[in-house]
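**Q** Residue-level listing of the chains:
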Amino acid sequence: MKKILVLLMVVAALLSLVTVLAGCSNSVAPMNPEARLTVATTTSLYDTGLWSYLEPKFEKQYNVKLNIISVGSGEAFVLGKTGDVDALAVHDKPNELKFIAGNYSSARVPWAYNHFLIIGPPSDPAGIKGMSPEDAFKKLMAEGNVSGSQVMFVSRGDNSGTQSKEKQIWAAAGYQYPEVEKSGSWYIEAGAGMGQTLMMANQKQAYTLTDIGTFVTYKSKLNLVPLVDQGDILLNVYSVMVVNSTKNKAMADNLVTFLTSPEIQDLIGKYGVADYGMQLFTPCAGQNY
Amino acid sequence: MHAIVDAFVLAVKLIFTGDAEVYSITARTLAISGSSTIIGALLFVPLGCLIYFNNFWGKRALISIIQTCYSVPTVFIGLLVFLVFSRSGPLGFFGILFTPQVMVIGQVVLISAIVTGLTISGLSGVSPAIRETATSLGASRLQSVWLVVKEARFAVLTAVLVGFGRAISEVGLALMVGGNIRGYTRVLTTAISLETGQGEIALALALGFILISLALIVTVLANRFLMTKEVNIAQSRASVS
Chain E
5 MKKILVLLMV VAALLSLVTV LAGCSNSVAP MNPEARLTVA TTTSLYDTGL WSYLEPKFEK
65 QYNVKLNIIS VGSGEAFVLG KTGDVDALAV HDKPNELKFI AGNYSSARVP WAYNHFLIIG
125 PPSDPAGIKG MSPEDAFKKL MAEGNVSGSQ VMFVSRGDNS GTQSKEKQIW AAAGYQYPEV
185 EKSGSWYIEA GAGMGQTLMM ANQKQAYTLT DIGTFVTYKS KLNLVPLVDQ GDILLNVYSV
245 MVVNSTKNKA MADNLVTFLT SPEIQDLIGK YGVADYGMQL FTPCAGQNY
Chain G
5 MHAIVDAFVL AVKLIFTGDA EVYSITARTL AISGSSTIIG ALLFVPLGCL IYFNNFWGKR
65 ALISIIQTCY SVPTVFIGLL VFLVFSRSGP LGFFGILFTP QVMVIGQVVL ISAIVTGLTI
125 SGLSGVSPAI RETATSLGAS RLQSVWLVVK EARFAVLTAV LVGFGRAISE VGLALMVGGN
185 IRGYTRVLTT AISLETGQGE IALALALGFI LISLALIVTV LANRFLMTKE VNIAQSRASV
245 S
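Chains E and G supply the protein sequences, listed in that same order. For the first sequence, the residue numbers in our numbering are 5 to 293. For the second sequence, the residue numbers in our numbering are 5 to 245.
Do not rely on the hints blindly, as some may be mistaken.
What the hints assert, rightly or not - Here are some, though not all, of the chain E residues that point toward chain G, as calculated from beta-carbon distances under 8 Å: (1) T42; (2) N67; (3) D88; (4) I192; (5) A196; (6) M203; (7) K225.
If you're looking for bench data, these hints aren't it; they were derived computationally from the structure. Beta carbons are placed, not taken as given, at the ideal position from N, Cα and C, and that holds for glycine.
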């Protein structure tokens, strides 16, 4: 009696698992992997609304569902390595090159660039306005460590492309990143996407490093202003990479073709101009960045 | 204060103007959490009965473990499900990470302990005299078990509703294994998290109101359904006597 009941239970458990895995997929949503392309994208591209703008165009042109997963570039690389996504849209050249060296992808294809900004409260308590990025970081570190200081810096703290850039600037300013992390309570690691980090910096009236696209999109919600915007190190290049282990290679290649096509490049260049009065992305397909 | 009033107005507007995005997120949330609750109930209410009605070595320890699992954090289950269903994981060949299906699986796992445990507690609340009497009057084992389960139906429904509440309100697991993909795996909780992060506080609050309303409606409907049954049973008893 007991054994029969246990057996029945096991059968019921297996049956329902199979139903979830296969059966209900037909009624709830199509599960055919060929009909979906999954792309891990940096939060900065997502938070500017660029993906929401391009997604329907791509879906219509190639008759496919585009699944956009908005994560930091660091997590995007992990999802690429495990093979859980078909392509990456990232902005972290050193790690992109490592990804290729690890044979996880064959190429990085740059398709747009803009710049990073160091932004902060309008009163600029650290006095970094107009400095070079490296000097500004030095000044922030010095001022942040004064006791009772108003100076705070919010870092993404999520291994994203933006944080990778931040680390490059710290290195250029002559600091080891671990010592920056340990330098005191003025340095805040948010562990969040770009938009959320901006909102946090705004609440704390702190400095932060942001790409110009997300900053302009969020500007109306922020009481923070650009303070440093000049310097070669602030260049921000977005590339698309097809993951080698994808089962959807043809469609992933279509995404590369799509992003670098003259028509879409033109749309990327115009994106946001009407709403924000300035260009958010400069298209750069075929150029060497 | 001003912002909260604005948010409330926007919430009402979004609900009654039939905003397509809000409606599809709401429908998807109900479909996913509803499926996981139904599957969870079908699996774990019987499991709870099985544990309660059988005596075996280590039964008390097992029940303690189940009760401890009530408070397993959703992000931890999210992490486990992610590892198992990632393409590099043992069930990766299904290729269902970042789909609604895997969210349902995760939520079933999430509510398993609470539905099983509360079912056991509910059955424990029924007086043993009922079963003894039924057996002495010649009821078979299955008949007497069924009688106890019927007596405990409110408690069992509560177990299922608590499971539903946990499934529909969790965000960590949905975000990690679902990926918050617009139009596919975005549910109310992950949308609230996203909109708050993007500074769209009003929209986030509006979605929050919808989430609370949904939970309330489901609970009220379930209770009403049971009350009606109760009345029917009372009436049939009255007419027999």
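**Q** A closest beta-carbon separation below 8 Å is what the hint needs, so does E/N67 meet it against chain G?
**A** Hint on E/N67: violated, closest Cβ of chain G at ~16 Å, above 8 Å.
**Q** Go through the hint on E/T42 and say holds or violated, using the shortest Cβ distance to chain G against 8 Å.
**A** Since chain G brings a Cβ to about 6 Å from E/T42, closer than 8 Å, the hint holds.
**Q** Can we keep the E/K225 interface hint, with Cβ of chain G closer than 8 Å?
**A** holds (4 Å)
**Q** Do the numbers back the hint for E/I192, that is, is its least Cβ distance to chain G under 8 Å?
**A** Hint violated; E/I192 Cβ to chain G Cβ min 16 Å, cut 8 Å.
**Q** Is the shortest C-beta separation between E/M203 and chain G less than 8 Å?
**A** holds (5 Å)
**Q** Does E/D88 meet its interface restraint, that is, does its C-beta lie within less than 8 Å of any C-beta in chain G?
**A** Given a least distance of 5 Å, the restraint on E/D88 holds.
**Q** Is the interface hint for E/A196 satisfied, with its Cβ closer than 8 Å to some Cβ of chain G?
**A** The hint holds - E/A196 has a Cβ within 8 Å of chain G, the shortest such distance being about 7 Å.
The structure fails to meet hints 2, 4 from the earlier list, while all remaining hints are met.
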